[in-house]
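> Spelled out from the first residue to the last, the chains are:
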Amino acid sequence: MTRAAVRYVPVSFFAVVFALPIFWVLVTSLKRQSEFGSSLFPTQLEWPNYQLAVVLADFMHFALNSLVLSGSYATIVVIVSALVGYGFARHRAPGRNQLFGLVLALLIVPTFVQFVPQFVLFARLGLTNSYWPWILWALGGSPFAIFLFRQFFATFPRELDDAAEVDGAGPLRIFLQIYLPNAGPAIAASAIFMFLWVWGDYLYPALLLHQDNTTLAVRMANAYVDPHGNPLQTVTMAGVVLYVMPLILFFAFAQRFIVRGIVTTGLKG
Amino acid sequence: MEELKLTTTRRKILIGAGALAAAAAAAPILAACQPTPKTGGSGKVTVMTDPNEFSDDDRKTLENATKLKIEVVKSDLTTLYAMFAAGNPPDVFRVQAAGLPQYISRKMVKNLQPYFAKSTLLKPDDLAPANNFYKWDGKQIGKGDLYGMVKDWSPDFTLFAYTKAFDDAGVKVPSDTTALTYDELRTLANKVNKKAGGKRVYWGFVHSNNDQWIDRTAMNMLAEKNQNLYSDDFSKLVISGNPEATKVIRYLYDLAADGVNETPIDPSPNWMGADFNEGQIAILQYGYWFSAMAESDKTKGKTVMLPAPTWAGVRRDPTMTATGWVISSQTKDPDAAWAVFEQYMGGKPAQDRAKSGWGVPGLKSLYPQMPQQTDFQKQVQKVLQGELSKSDFILQFNPYIGEETFSTSWKKNLEPALKGTISFDKFVQNIESEVNTAIADGKRIIGG
Amino acid sequence: MAGATHVLPRVMPRPALLRRRAVRRAATFYLLVSPWLLGFVLLSAVPLAGALLMSLTNYDGLNLDYVAFVGVDNYARAFSDPEAQHALLRTLLLMVLVVPTGLVLQLLLALMVDQPIRLSNLFRTIFYLPYVIPVVAGAWVWKIFVDPSGGLVNALVGAVVPDVNIRWLVEYPTLVLAVFTIWGAAGGGMVIFLAGLQGIPAEYREAAMIDGASPAQVTRFITLPLLTPVIFFNLVTGIITTLQVLVQPMLLSPGILGLSPGTVPPLDNYLYPVHAYIEIFVKQLFGYGAALLWLLFAVVLGLTLVLFGTSRRWVHYGVEA
Chain A
2 MTRAAVRYVP VSFFAVVFAL PIFWVLVTSL KRQSEFGSSL FPTQLEWPNY QLAVVLADFM
62 HFALNSLVLS GSYATIVVIV SALVGYGFAR HRAPGRNQLF GLVLALLIVP TFVQFVPQFV
122 LFARLGLTNS YWPWILWALG GSPFAIFLFR QFFATFPREL DDAAEVDGAG PLRIFLQIYL
182 PNAGPAIAAS AIFMFLWVWG DYLYPALLLH QDNTTLAVRM ANAYVDPHGN PLQTVTMAGV
242 VLYVMPLILF FAFAQRFIVR GIVTTGLKG
Chain B
24 MEELKLTTTR RKILIGAGAL AAAAAAAPIL AACQPTPKTG GSGKVTVMTD PNEFSDDDRK
84 TLENATKLKI EVVKSDLTTL YAMFAAGNPP DVFRVQAAGL PQYISRKMVK NLQPYFAKST
144 LLKPDDLAPA NNFYKWDGKQ IGKGDLYGMV KDWSPDFTLF AYTKAFDDAG VKVPSDTTAL
204 TYDELRTLAN KVNKKAGGKR VYWGFVHSNN DQWIDRTAMN MLAEKNQNLY SDDFSKLVIS
264 GNPEATKVIR YLYDLAADGV NETPIDPSPN WMGADFNEGQ IAILQYGYWF SAMAESDKTK
324 GKTVMLPAPT WAGVRRDPTM TATGWVISSQ TKDPDAAWAV FEQYMGGKPA QDRAKSGWGV
384 PGLKSLYPQM PQQTDFQKQV QKVLQGELSK SDFILQFNPY IGEETFSTSW KKNLEPALKG
444 TISFDKFVQN IESEVNTAIA DGKRIIGG
Chain C
25 MAGATHVLPR VMPRPALLRR RAVRRAATFY LLVSPWLLGF VLLSAVPLAG ALLMSLTNYD
85 GLNLDYVAFV GVDNYARAFS DPEAQHALLR TLLLMVLVVP TGLVLQLLLA LMVDQPIRLS
145 NLFRTIFYLP YVIPVVAGAW VWKIFVDPSG GLVNALVGAV VPDVNIRWLV EYPTLVLAVF
205 TIWGAAGGGM VIFLAGLQGI PAEYREAAMI DGASPAQVTR FITLPLLTPV IFFNLVTGII
265 TTLQVLVQPM LLSPGILGLS PGTVPPLDNY LYPVHAYIEI FVKQLFGYGA ALLWLLFAVV
325 LGLTLVLFGT SRRWVHYGVE A
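The listed protein sequences correspond, in order, to chains A, B and C. For the first sequence, position 244 (counting from the first letter as 1) is numbered 245 according to my numbering, and the numbering increases by one without interruption. For the second sequence, position 180 (counting from the first letter as 1) is numbered 203 according to my numbering, and the numbering increases by one without interruption. For the third sequence, position 241 (counting from the first letter as 1) is numbered 265 according to my numbering, and the numbering increases by one without interruption.
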């Protein structure tokens, strides 16, 4: 009884605290705009807000843009970063430590510092208004994910490599057959981070993309206004709910993947 | 493994930081390898503007009229700077008059005088007075060659009154034929200002586009006394050294301290236009363009337009935005850019804008096309006709600083001042020092 | 090494073999990290070099014809800029408010949902949810949540103390910003902790339990020490991200929703990156702004080095490679 209380009471308390602002988004999304500042709860549920949120922002079109961009970026960057992280964790070479220092240094450079020069670079290469900058970024890996994978792979027992090497496996095969399959949690965690970085980013798509091929985040920032340009807070909140929905589904999926991926312990055997 | 131990990692970061510096040294070489940008000359014109002011229909109309392809980029200062930095600025871009002296003095925009001289659509005699904001003689605006044109404009110091707020306070709505003085306006604003149970009912007097254009309001008030916020050569912001400027700044500060205006310590979640529509503002200062949206469900039949107030008895009601278009000096195909510019300013899109009532047309010949059907539109036109004769003025913006330098400093310091953390004198000093630093930077750059 | 070959001339081939293996290993390493290396040179080194050059000029973002080198003037200026100092202090204050609290909370959440409890997936999703809400939307959420008239917070406070009308974003801007930041980041840290927790072999804990350790003891003496690399990771990334907080205070400015260059957050939330942003995009001091950001990099670098310095005393790489 008390044990159950210890298990459930604190977690429930935090869950309620965390969910309150989100609960309030739902409530606000169902108010009429005129009720926004005046009444606490909606007198009747204003479902058309959701319809309006879809229509005003041309939601499906821009959601697809965001999905394509975030999805392809996350897929590529996770694979590349895992490979690079594996290299750092498991292969010795002169200059390795300096290079890893560089990864860490890049992690702490304020991204904002590169903002204008990066635009200049992509503009001069003629790559603005396309998704190429993200693909190139992805192919170069992400310092954050490289760091994550390197830390993760460093905890793997080294005997595994030795055994595999004795069997005649090359480094790429070892990576593909031993490291990658057992990196479930790190893959899931970094995939979510990388996906979200693009899905939620505002500054780069606003600067690099055109108003038709831009992402939902940019589109939504300006879409929810009445014909006079007045903000529609209730519709905005409906938009936020729709915006976050695919991410919840994505997490529900990745969640299972994390759990399934916990075979790390099996490595001890 | 020795090298995995964290003790050595600190050194790694230092080495990494060193490598960054080394990479930096290689930059000029890499930069030299980059291809030079190519634009224009391809029958394509890039226009950076606000999509709200440039519909897809406008684009198609212009494409048909000019046989050119038009690419629209959403107007945004960050993007504009970045495009200039990339050597690839839009051929045509939207500006407000306050930014113009800076662009002209840096030779970023093209002198359009030769084009205007040849144009049959845009004749110099037909240009509305607000276009004087686009004239530059090398030293100041208002005289000399034309560098652009307003898309439309409004005498911007007129007032809109919500009559219900006056009824509630038992105060008579001011006459729409005689102008208020700013002092009368302050007294009135305090009378109609209303809070109930800690919540806002009516703001008394909201102005200057939520303080974004506060320097323009101050400049127009000062101009009635032949004064400016800046020294004659624009090398200094002078408030504490100029009693007249101090009076104006004190007046605007007092409005904020009275609590009749939206301020950083008593903000509204909306812009002032929306609050007026919600029936939460008694007196609002906006130009003619606002009449197109002043009547909402709440304010319909309860809104009147009033003449611009006066500070020293010399009425002036120019535009304070003069939003319009200019052509980049770096455009590869100036003729194509002009063709689009000319059609937008004098062709069908210009007529459509005139009919919409969202501003006074940039060409006098289009004035009669402004809407005057409803009672409110008629009342507005009556007031507007009186204002047009007071609108042939310009505001002398400072060519050394960006258009939001003053207002950003004002907003930043207003918060501690109203909270009582700093005194009014310190408030003024801070603005002076911040803006003067910015002026000095600007002067150093363009060698003024 | 040199001496060894003299003493044992008969094993001459061995060092050569080793060297060849070393060369092969090195080649493998460089092959593996080559994507990142290429990406670094093209996509980071060039822009960073540009940013560094920019910080040594008076570039105003407008016309390149007017650019001049000013040496280290911009850096010197930063040290006599009272606004930069104020902004740095506010940023450091935010870090102190957010990072330790956030870290403890993240760990606590991970430990709680790592237990075999019902609905653990639901709990995880709830805690993770704020993290997936992008900042722009998240700021809207909080603005509406703490809105004086339409917000739930005042309604709840009002239920206890009637007739209050707290303008949270005006009176307690840093508090709202800190809570918003902690709330938004908690899920991300929790997931990393969770991955770390689940990477700890179950036998370690089981063995301790069999030896009679209480759950609290297991956490204290088994789980926490094994988790220190993850704690360290979350601490470092937490500090790095908090010091770079930029859009949140701008979006949380009381007043109009949205992000525009003219937005000025309340003085309490006038953070260092905000100052740099305003210097760049409002005052058009691209050179000075870049210098400010490089100085921020120096601060972050310094803090990170201090952390790495202390880490050898408390970070344990349990399964050292």
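Just so you know, the hints here were simulated from the structure itself, not pulled from any lab data. This one's a predicted model, so the numbers in the text were calculated from it and none came from an experiment. A portion of the hints provided could be inaccurate.
Claimed, not checked - Label pairs and their in silico Cβ distance ranges: (1) A/L27 with C/D89: 41 to 47 Å; (2) C/D89 with B/K90: 42 to 48 Å; (3) A/T3 with C/L66: 58 to 64 Å; (4) C/V181 with B/P391: 54 to 60 Å; (5) C/L116 with B/A140: 33 to 39 Å.
To be verified - Covered stretches of chain B, going by a simulated chain C footprint (3 or more residues, C-beta under 8 Å): (6) 106-116; (7) 242-250; (8) 309-320.
To be verified - So these bits of chain C aren't anywhere near chain A, every CB distance computed over 10 Å: (9) E107; (10) P124; (11) M136; (12) Q139; (13) E195; (14) Y294.
Note that beta-carbon positions come from the ideal geometry of N, C-alpha and C, so glycine has one too.
> Compare the structure with each hint and give your call.
Results of checking the hints against the structure:
1. Checked against the given bound of 41 to 47 Å, the beta carbons of A/L27 and C/D89, roughly 54 Å apart, lie outside it.
2. At roughly 33 Å, the beta-carbon separation of C/D89 and B/K90 lies outside the given 42 to 48 Å, and the hint is violated.
3. For A/T3 paired with C/L66, a C-beta distance near 60 Å keeps the hint of 58 to 64 Å intact.
4. Look at C/V181 against B/P391: about 58 Å separates their beta carbons, and that is inside 54 to 60 Å.
5. Hint check: C/L116 to B/A140, Cβ distance near 60 Å, so the stated range 33 to 39 Å is violated.
6. Check result for the region 106-116 of chain B against chain C: holds, 3 residues qualifying (beta carbon to beta carbon below 8 Å, three or more required).
7. Only when three residues or more bring their CB closer than 8 Å to a CB of chain C does the claim for the region 242-250 of chain B stand; here the count is 0, and the claim is violated.
8. Look at the region 309-320 of chain B against chain C: 0 of its residues bring a Cβ nearer than 8 Å to a Cβ of that chain, fewer than three, so the hint is violated.
9. Non-interface call for C/E107 relative to chain A: holds, since the shortest CB-CB distance, roughly 17 Å, exceeds 10 Å.
10. With 10 Å as the threshold on Cβ separation, the claim that C/P124 sits away from chain A holds: the shortest Cβ distance comes to roughly 17 Å.
11. Chain A draws C/M136 into its interface by the beta-carbon criterion, the shortest separation being 4 Å against a cut-off of 10 Å.
12. Not every CB of chain A lies more than 10 Å from the CB of C/Q139, the least distance being 6 Å, so the non-interface label is violated.
13. C/E195, annotated as away from the interface, keeps every beta carbon of chain A farther than 10 Å; the closest lies near 18 Å.
14. Non-interface call for C/Y294 relative to chain A: holds, since the shortest CB-CB distance, roughly 16 Å, exceeds 10 Å.
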